[in-house]
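Using the sequences provided together with the hints, build the complete structure.
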Amino acid sequence: MTMTSILFHAFIVLTAGAGLVMAISRNIVYAAFLLFVVLLGVAGLYIFAAAEFLAVSQVIVYVGGTLIVVIFGVMLTAKMREMRPQTEFVNLIPGALVAMALFLALLFMIRESGVLKTNEVAARAVVDNTRQVGIATLTDYLLPFELVSILLLTVLVGAAYLSRKTKIEKEEVAE
Amino acid sequence: MQLHTLSDLGKVHLPVLLAAVIPVLMLLGFVILAAWGRRMNGGGWLAVGLHGLTALMGFFVCWSTWQEDNEFLPWHIWWEWFQVGGKSITMGIWIDHKSSSMLGLVTGITFLVHVFSLAYIAHDEMRHRYWGYLSLFAAAMCGLVLADNLLMMFVFWELVGLASYLLIGFWFKEELPAMASQKAFIVNRIADAGFIMALMLLWAKYGSFQWAGLHFQGNAADTLIGLGLLIGAIGKSAQFPFQVWLPDAMAGPTPVSSLIHAATMVVAGVYLLIRMHPLMSPDLHVLMACIGAGTALIAAISALTQTDIKRVLAYSTISQLGFMVMGIGVGPANESGEVNFAMFHLLTHAFFKCGLFLVAGYVIHSLHAAQEKAHAHFDAQDMRFMGGLRRQMPLVFVAWLFFAASLAGLPLFSGFLSKDGILIGAMHFAERMGGWAWVVPGAAVVASFLTAFYIARQGILVFMGRNRAQGAGAKEDFQHAFPKTDWRMVTPLLILAFASTWVIFSPGNPFHPEYLKTSAHESPLLPWAFAGIAVLGIAAAAIIFRKGPLPNRAQGWVFDLSFKHFFLDDIYQSLIVRPFLALSRLLALVDHFVVDGAVRLVAGIVLRKGHRASLSEAGEWLDHQVIDPVANEIIQPKEQHSISRATAWLDQQLVDRIVNGVATLVMRSGKRVGKLQSGKMQLYLLYSLLAMLVLLLTLMFIFTG
Amino acid sequence: MSALELYLSLSAFLFCLGVFLVLTRRNAIMALLGIELILNAANLNFVAFSAKYNGEIDGQMAALFVIVMAAAEVAVAFAIVLNVYQRFKTVNIDEIDTMKD
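Chains as they are written, first to last, in the working numbering: chain X, 48 to 222; chain Y, 2 to 706; chain P, -8 to 92.
Please note: incorrect hints may appear among the correct ones.
Under the rule of at most 25 angstroms between Cα atoms (straight-line distance), these lysine to any residue pairs were calculated in the SDA-like manner [said to hold, decoys possible]:
1) Y:681 / X:72
2) Y:681 / X:123
3) Y:681 / P:86
4) Y:681 / X:115
5) P:80 / X:206
6) P:80 / X:119
7) Y:681 / P:83
8) Y:681 / P:26
9) P:80 / X:123
10) Y:681 / P:78
11) P:80 / X:147
12) P:80 / X:74
13) P:80 / X:205
14) P:80 / X:77
15) Y:681 / P:74
16) Y:206 / Y:83
17) Y:485 / Y:365
18) Y:681 / X:138
19) P:80 / X:209
20) Y:681 / X:137
21) Y:565 / Y:577
22) Y:681 / P:76
23) P:80 / X:137
24) Y:681 / X:136
25) Y:485 / X:74
26) Y:12 / X:77
27) P:80 / Y:685
28) Y:681 / P:79
29) P:80 / X:73
30) P:80 / X:138
31) Y:681 / X:140
32) P:80 / X:115
33) Y:681 / P:80
34) Y:681 / P:-3
35) Y:681 / P:64
36) P:80 / X:155
37) P:80 / X:118
38) Y:681 / X:209
No lab work stands behind these hints, which were simulated from the structure alone.
Written out as structure tokens, the structure is:
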């Protein structure tokens, strides 16, 4: 086994393990930080799949942006005064059963689908991955790119609108 | 000429360009009215201005084609719409004498109806929607007449259907218009299935939707295509057996009835048949002749006894459309091989029937206004409460005389020119076919006698004699409560009255349209004989109704037959609608107990919620709701029409029981299923994932096992 | 196991963990974390197949757009959660059941 291979498997195990602990953790803050680990692990796996730009985006956007929002959300809503950001389960057994059945079905389908019987993944480093992504963004994917910019603007406005204090609440506060 | 780029538009003939711009402008009008109509105080003036402009453009297009001889036409442009499977679907504009005449007709009448509506709809709160829908309709109708292929035509065909649905149900808060709009839509959908099948067959056989160059080649596919198109056309044009939607469609605003359900949309079917008649097999032509003649006669009989001023006209429209379909079916009255007279009747009929409806609208509108002022209350559409209105609205009465004379087919009016052509064509048809085929012209002649009769009856009941409103509880001063002449409503009437004379259609010869190079007049007395029949009809009506409407005791089963339009609605209700509903409910039952039951069973086991198994409950309910009522309930005798008595027993014993039982069953079980709707999203998600899992496993076993 | 199979299996695993979180947590934020897991699982598949078919960048582009969408989704979702919290004084999903009839 080469060093790359060992690292690759280590990342797989890290990601899967963090995900599992996260799923069964009762503490939201723990879960948020474990999600952080999972996202980093996935970013590492992107590098093994020769998608460096994506890995960097994952770290910057997801870990740097999304996760911060999540932690803000936790802190703004969990009853911090009680210091017990714990959550309970509902439908625990049926949920677990369905999730496991789904996992087994998916595994079975991956094996049976025939995708694996074709060529092996070449874990090669493409030097100009970022350049490729840049060209694709401004040629084939120009329209989605522009649409996404509009979407982000809309989201910016929408999120600000949604989280402002509404009139009724202000009145309630005034009372 | 095919257009490849936008710059090719520069090479297009000006009238064609204008014709293409017309629907676009109208659609733009619709968008503007839909978005800002409410803020523009309804936007009526914008709509009127827009349609005034398009009417001028339409007139110009029409005028310029009639300057050309037929051999230089059509002007045809097309461009690629999209590609599918290596074949390209085109859109295009086809302008010949027929489509340009239709375009001029549609834009012109739309404009007149808009002007009329300014006063008619002025105080309706939702008038912005009215103007918007009208623009949508006009755009779709122009697209329909300009289309150069059947697929494009079908698209606009459905759009006019939508606009018609929206406008019939314009007052959707009341029950009647809402139901009527659904009925119109559903009946049209059934007929449209024929159209769609014809399109598919056409594509399969010819790989194109172009109609140019199609003609009957004697194979079965052509016959089937023609049959499908015929079914679609008789749905839109309200012919037997699909005509039941049109009388109910009168629940919409009267100007809408005038524009859509008399002058333009309903003739779309006739227009389609005229376009496609070279593809129709000889058998289909005979079928068309029979359908047309039969519908003309049935509808004319039904118009005799109607008391609602608009329903008389609705049946009259069906009857006249029957004349047109018959005119196509019997083939040409001349040697040119064209079905000119059906097209010609379509054009003349549009003007005078539109006018008749607008007169009805004027009468209803004035009566409503007078009722409000005099605090009287009676049905403003019931002719039995009218009478003597010529004193209150002399100009409208004069206009009505023009329209009615044209409908009856009196000389010097447009109806005389066109109807005679169709009747003579029918006679030729009968001579060719011999024997039984004389039924067709026979029915047509009787129908045209009845036409003169019922329209004279309408005039006598509405305009002549003395006012009968007092019998309905109106006060003495009611006759002075009528509003003053509104020129926005009267001017369109006068223009239409002028258009109902011979002047526009045959300026040189008032008795025979010279450009329809017909040899039909080997017996020059025939047209005069038809005019004589019309005069007879009018005279008969004058004698019978000289003392106002017939008293109620004059009614019997013959009267019922006519008044209820041969009980067609009742027959459909018991033969089609109710069994269909029963079947639907049965399927709902199966769905609920078998399908849902199985799902709930699985869910119940997985969720450990202890849902009781549903199947035993199903048996219990069946027992209570179906078997017991059949055994126990007393049969309720109910009002039956004479003809449906035969089906009544079966209906009561079986269908009603099943229907009622199943309905109760479904209602109660629905409440139980409702408990699944807990409002808890995660449970919803769990159910859907379960379903997905089951599906996944099934697929896996199918594809791997 | 080949690399592709590892990628796909891990993706399936993360997906099911996400489903489990969404299904079983009362807390809306936990459910949202589950959705993030599901999105990442999908991305992992995109990238794995992009790597399998050398030079095809489409999978990576899809993943890139998913990342952007996820950022947008989280922003809006948390705005909604905050709103819900202000109105219902809870973020427990099963207590917010005004959708039932």
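Structure versus earlier hints, numbers of those that do not hold, lowest first: 4, 11, 25, 26, 34, 36
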